[in-house]
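Colleague: Work out the full structure: start from the sequences and follow the hints.
Chains A and B supply the protein sequences, listed in that same order. Going by the working numbering, the first residue of the first sequence is number 1, and it counts up by one from there. Going by the working numbering, the first residue of the second sequence is number 545, and it counts up by one from there.
No false leads were slipped in.
Some, not all, of what chain A presents toward chain B, calculated at C-beta under 8 Å: (1) THR326; (2) TYR362; (3) MET364; (4) ARG372.
Mimicking SDA-like on lysine to any residue, the simulated pairs with C-alpha atoms at most 20 Å apart in a straight line are: (5) LYS22(A) <-> ARG806(B); (6) LYS113(A) <-> LYS135(A); (7) LYS268(A) <-> GLN465(A); (8) LYS348(A) <-> ILE639(B); (9) LYS394(A) <-> LYS436(A); (10) LYS394(A) <-> ARG712(B); (11) LYS11(A) <-> ASN30(A); (12) LYS22(A) <-> ASN805(B); (13) LYS22(A) <-> TRP802(B); (14) LYS22(A) <-> ALA552(B); (15) LYS348(A) <-> ARG712(B).
FYI, nobody ran anything at the bench for these hints, they're computed from the structure. Beta carbons are placed, not taken as given, at the ideal position from N, Cα and C, and that holds for glycine.
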Amino acid sequence: MANVLEVKNLKIEATVYPPGEKSRDITIVNGVSFDLKPGKVLGLIGESGAGKSTIGLSAMAYGRGGVRITGGEVWLNGRDILAGGLSALRKLRGAEVTYVAQSAAAAFNPAKKLMEQIIEASIEHKRCSKADAEKRAIALFEKLGLPDPENFGNRYPHQVSGGQLQRAMTALALCPQPDLVIFDEPTTALDVTTQIDVLAAIKDAIRDTGVAALYITHDLAVVAQVSDDIMVLQNGKTVEYADVDTIINNPAEDYTKALVSVRSIDHKEMVPEGTPLLRASGVNARYSGTKFDVLKNINLELYPGQTLALVGESGSGKSTMARVITGLLPPRDGEIEFDGRILSADLKSRSNDDLRELQMIYQMADVAMNPRQTVGTIIGRPLEFYFGIKGAEKRRRIIELLDEIEMGEAFIDRYPAELSGGQKQRVCIARALAAKPKLIICDEVTSALDPLVADGILKLLLNLQKIENVSYLFITHDLATVRAIADSIAVMYQGRVVRYGPKSQVLEPPFDDYTDLLLSSVPEMKLGWLEDVIATRKMESAGN
Amino acid sequence: MRHIPISALIGLFFTSLYFLAAIFAPFIAPYGMAEVVGDVWEQSSSDFLLGTDSIGRDLLSRMIYGGRTTIFIATAATVVSFVTGASLGFFAAVIGGAVDQALSRFVDLMMSIPTLIFALVILSVMPVTVPMLIIVMGLLDSTRVYRLARAVAVDINVMDFVEAAKLRGEGRTWIIFREILPNALSPLVAELGLRFIFMVLFLSTLSFLGLGVQPPEADWGGIVKENKEGIVYGIPAAIVPAIAIATLAISVNLVADWVLNRTTSLKGGRGG
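Modeller: This is the structure:
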């Protein structure tokens with residue numbers, strides 16, 4: 001059978017304009033070749049900056065933000081689309097090739113009804129009449145498992161959930177009956193329990209419509225479920241290109257092996273001993289102006305030098321719990337006991353020692369550091385503030401801390417914008433450590449990072465725990481992370497703790513329905529995992 | 545500093561020219577400010593480079609001394625306006641709640657009265673002295689700065705790094721001046737250039753209407769007023785201060801643009 005898409009020796013460049021210097025060209029993608037047969041799915045995988053989205057968009061001869069395709073050929077349906085010129089491209093985009101964006105919420109026009117947007121391309125390209133397009137859209141809604149397919153299109157984007165919107169976007173892409181669909185991280189922004197439904201829907205839709213697809217993601221376990229072939233990319237070059245079975249079960253390259261075996265941290269669970277460092281009893285909390293408790297009767301204990309993981313999907317109240325403990329949101333009732341004393345509910349009435357011993361690390365390291373302060377100032381401020389350390393002694397301590405986070409003295413005068421994502425998070429860790437805390441609240445600290453980088457951060461955290469004997473309250477939706485570092489686990493669902501205990505007990509069957517859903521939803525690096533899970537699970541996620 | 549764009553160089557040149565002339569006025573000016581040295585509205589000559597004014601004073605000397613008054617009052621008023629406006633704006637944003645509401649609504653109230661009319665009313669009751677001019681102009685203008693500063697600070701105040709500082713137990717002063725101010729500087733610097741020029745125009749307008757700088761002291765607005773009758777007879781004396789105001793306005797803003805470019809860099813200005 002003829003190939004739908006053939007990409008030969010693709011080279012993509014962009015011009016960068018460093019302020020004060022001459023602009024120069026950088027190569028983003030170099031020498032990438034692949035082909036795609038009808039009905040097949042190619043997964044493009046790599047870390048941020050690997051060039052995967054750029055390659056994906058080249059299949060519609062599109063360069064985002066000044067990116068140019070400067071070499072190679074892209075053949076779609078037997079035509080070289082790079083040679084065609086803009087009007088030829090306009091005919092092809094949205095008709096023969098369509099695109100599913102990462103954030104459906106940002107990609108839909110909030111002022112128009114879904115149906116209008118979904119059939120727009122089909123009508124614009126005169127693929128079919130309006131009535132036919134609507135009929136096809138409704139059929140797609142049904143296939144994708146959307147509720148009330150007949151009337152779903154009459155809703156506005158804000159009236160449906162995130163998972164549904166992502167499926168609506170898939171319907172949008174499939175409606176003009178394209179030959180190729182580009183999926184650009186379609187499930188990355190979704191909760192793990194929602195992701196699985198969307199993933200299954202996408203997979204079914206691809207199979208039933210016989211369309212070819214490029215599936216771009218950074219999550220190898222996800223791509224393994226939907227792809228036939230996988231291309232592993234790093235720094236714009238192909239690392240490995242093979243069928244999915246080979247990549248997962250028998251990878252040749254070291255980089256692929258690292259990706260496959262990521263989260264291989266071995267952490268032996270510690271048994272609770274001594275008196276708890278942190279004890280929450282009967283905590284209820286609500287945000288001002290609402291009549292709805294976000295947290296309902298939360299009881300938790302965390303022991304010195306150990307890690308308690310709070311797990312759950314978005315909206316389950318886990319970050320709110322962190323706000324209650326830090327005093328940003330005083331609870332309605334219940335109390336927080338910390339190191340043998342009751343913490344006052346309000347941040348303002350806490351003593352400096354209370355504040356010092358309870359530090360926090362944020363999900364987005366970018367915005368958790370003042371962009372106008374140097375690394376030295378950021379790490380040095382807690383030293384100065386809590387301990388009054390100044391001058392040479394302060395500098396010595398800062399360097400010590402920088403060494404502890406495996407970065408070193410060279411970084412002391414850098415600004416956050418001059419650091420990579422992983423380095424930023426390390427600086428945040430150092431800032432927390434500088435206060436010599438007893439407890440660090442880690443709020444989704446690895447969610448925004450690439451898997452290999454996240455792995456490094458987790459290892460660092462575990463190491464520091466051993467040295468400093470600090471406790472972590474680890475908030476995450478990612479069960480793989482939890483498995484890696486927790487001693488005890490609290491599973492939260494709609495503001496309640498539904499399961500709580502030592503890690504070995506919580507992750508051991510029999511499960512309650514929600515924990516089962518959550519555990520089974522974590523993509524596994526295994527072929528056929530998706531089908532198994534869909535067939536065996538007991539409940540659907542709240543997001544649907 | 546290695547690379548200054550040409551526009552900024554031009555701006556820097558003219559701005560420093562005006563400021564230097566203002567500072568060293570007594571040394572540069574060929575005649576005294578209020579000295580009658582020639583005939584009425586003489587043409588420019590080697591004795592009087594820009595000619596003479598309506599009562600025979602040297603126009604160049606008057607321009608230099610006038611520039612001194614104008615630039616001094618405008619700068620001082622801008623400083624007053626920024627210090628009050630920005631501090632109150634940041635304060636309101638950080639505290640929030642009723643304090644924020646009270647301050648913001650008060651500012652709205654002030655802004656609902658046209659500035660020029662407000663200033664005219666106050667200055668017709670109060671004695672018109674230089675400090676009084678500075679305070680009235682500065683405070684009236686600070687309402688604009690307040691709104692900008694508050695809007696910028698409200699956005700910054702909800703960022704994680706500010707929350708981190710609050711969790712650390714930092715006081716309001718640290719949060720306002722060390723966390724928020726450096727990040728609010730770019731829009732404020734852009735506004736600074738603009739506000740300074742508005743001050744120059746405001747002062748000139750007041751003087752033109754006779755409620756600004758009082759004779760025999762001169763400022764550029766006053767010089768226009770004194771010489772406006774000459775325009776009818778084709779005497780360019782009134783145009784000279786107008787040109788001075790325009791060139792100062794443009795050059796200050798060229799400099800402000802450049803400073804803005806540098807301060808927006810998050811890499812400590814090292815990128816360029």
